[in-house]
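Just so you know, the sequences run in chain order A and B. Under my numbering, think of the first position of the first sequence as 1, with each following residue one higher. Under my numbering, think of the first position of the second sequence as 1, with each following residue one higher.
Worth flagging that the hints you see were computed from the coordinates, not collected in a lab. Since this is a predicted model, take the numbers as computed values, not measurements. Treat the hints with care, since some could be wrong.
The list cannot tell twin chains apart, which means a pair is met if one copy fits it or any two copies do.
With a straight-line cut-off of 27 Å between C-alpha atoms, the simulated DSSO-like cross-links for lysine-lysine are [said to hold, decoys possible]:
1. 139 to 29
2. 80 to 151
3. 139 to 80
4. 29 to 151
5. 29 to 80
Number of protein chains: 2
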Amino acid sequence: MEGDLADSAAFAPPAGATELEDGTALTPKFDSEGLLTAVATDARSGDVLMVAHMDAQALAKTIATGEAWYYSRSRRALWKKGETSGHTQRVVEMRIDCDQDAVWIKVEQVVGACHTGRRSCFYRAVPLGTAESNMRAAKLEFRDAPVFDPKAAYGKRAP
Amino acid sequence: MEGDLADSAAFAPPAGATELEDGTALTPKFDSEGLLTAVATDARSGDVLMVAHMDAQALAKTIATGEAWYYSRSRRALWKKGETSGHTQRVVEMRIDCDQDAVWIKVEQVVGACHTGRRSCFYRAVPLGTAESNMRAAKLEFRDAPVFDPKAAYGKRAP
Numbered sequence: 001m002e003g004d005l006a007d008s009a010a011f012a013p014p015a016g017a018t019e020l021e022d023g024t025a026l027t028p029k030f031d032s033e034g035l036l037t038a039v040a041t042d043a044r045s046g047d048v049l050m051v052a053h054m055d056a057q058a059l060a061k062t063i064a065t066g067e068a069w070y071y072s073r074s075r076r077a078l079w080k081k082g083e084t085s086g087h088t089q090r091v092v093e094m095r096i097d098c099d100q101d102a103v104w105i106k107v108e109q110v111v112g113a114c115h116t117g118r119r120s121c122f123y124r125a126v127p128l129g130t131a132e133s134n135m136r137a138a139k140l141e142f143r144d145a146p147v148f149d150p151k152a153a154y155g156k157r158a159p
Numbered sequence: 001m002e003g004d005l006a007d008s009a010a011f012a013p014p015a016g017a018t019e020l021e022d023g024t025a026l027t028p029k030f031d032s033e034g035l036l037t038a039v040a041t042d043a044r045s046g047d048v049l050m051v052a053h054m055d056a057q058a059l060a061k062t063i064a065t066g067e068a069w070y071y072s073r074s075r076r077a078l079w080k081k082g083e084t085s086g087h088t089q090r091v092v093e094m095r096i097d098c099d100q101d102a103v104w105i106k107v108e109q110v111v112g113a114c115h116t117g118r119r120s121c122f123y124r125a126v127p128l129g130t131a132e133s134n135m136r137a138a139k140l141e142f143r144d145a146p147v148f149d150p151k152a153a154y155g156k157r158a159p
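All chains, full assembly: derive it from the sequences and hints.
Here it is, written out as structure tokens:
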């Protein structure tokens with residue numbers, strides 16, 4: 001029953017470009033796999049914490065509950081952020097983009113978002129200025145230290 | 001020649017999970033279409049400006065030049081942000097995520113990023129708390145006013 005209510009039919013289908021961009025109707029444009037891109041930022045620092053995907057059900061549950069739900073492409077499953085680790089995301093605000101194929105959520109992140117133990121998945125910087133012909137010379141620079149032990153938080157499971 | 005240098009062979013192929021997540025080698029994991037997800041945030045405000053894609057060439061050019069380049073899926077073309085409108089993005093910092101399939105760039109955005117005339121593509125909020133069974137009742141709320149006239153900036157072209 002819940003699956004029926006929360007599938008893509010729960011949302012009105014995308015209309016023409018004008019309504020999509022300038023209207024007030026929420027008509028998410030799911031891709032061929034039924035997914036939107038979701039970007040979560042830290043409501044306090046503004047840092048991007050993670051980029052993931054939501055299917056219609058994850059989007060509906062996130063809107064309804066104010067807690068972040070995603071769809072895992074690798075596990076092919078709906079997934080409440082923090083369901084294993086306790087590292088949930090309370091959504092402070094949700095925005096949708098011009099063509100309604102991406103959402104941005106500002107969240108209060110408990111402990112850390114990344115399954116590697118960092119607060120953000122974007123813990124490495126890519127140095128700028130490397131010559132276009134020499135990309136293999138670019139060395140990533142670590143910027144954020146772990147904030148939790150992933151083995152303790154997840155056991156053997158993925159986040 | 002440039003195309004040869006800048007294709008995905010310009011980057012080393014992704015290694016195992018440990019090296020991918022804990023190493024310093026830049027080994028981007030392009031999807032089946034040869035793309036990464038790219039999130040651009042305003043270096044000053046922290047706001048998410050846009051979500052787009054980069055192919056290997058766009059990524060290499062962004063790293064090399066410090067200006068944002070993307071790949072347009074609809075136009076199937078490499079695209080320098082602002083090439084038509086002048087609304088370029090100077091990259092202050094680039095980060096890559098744990099599994100190297102998404103990059104986050106902090107940018108200095110000239111005027112506005114969105115082809116609709118707003119500074120950010122995420123100019124509408126999705127109200128939280130709508131019942132999961134009643135998603136069609138969710139009404140988007142406009143948060144950001146236009147900062148430029150898209151007709152003047154782009155003529156008849158897409159951004």
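- Query: Are there hints from earlier that the structure breaks, and if so, what are their numbers?
  - Reply: none
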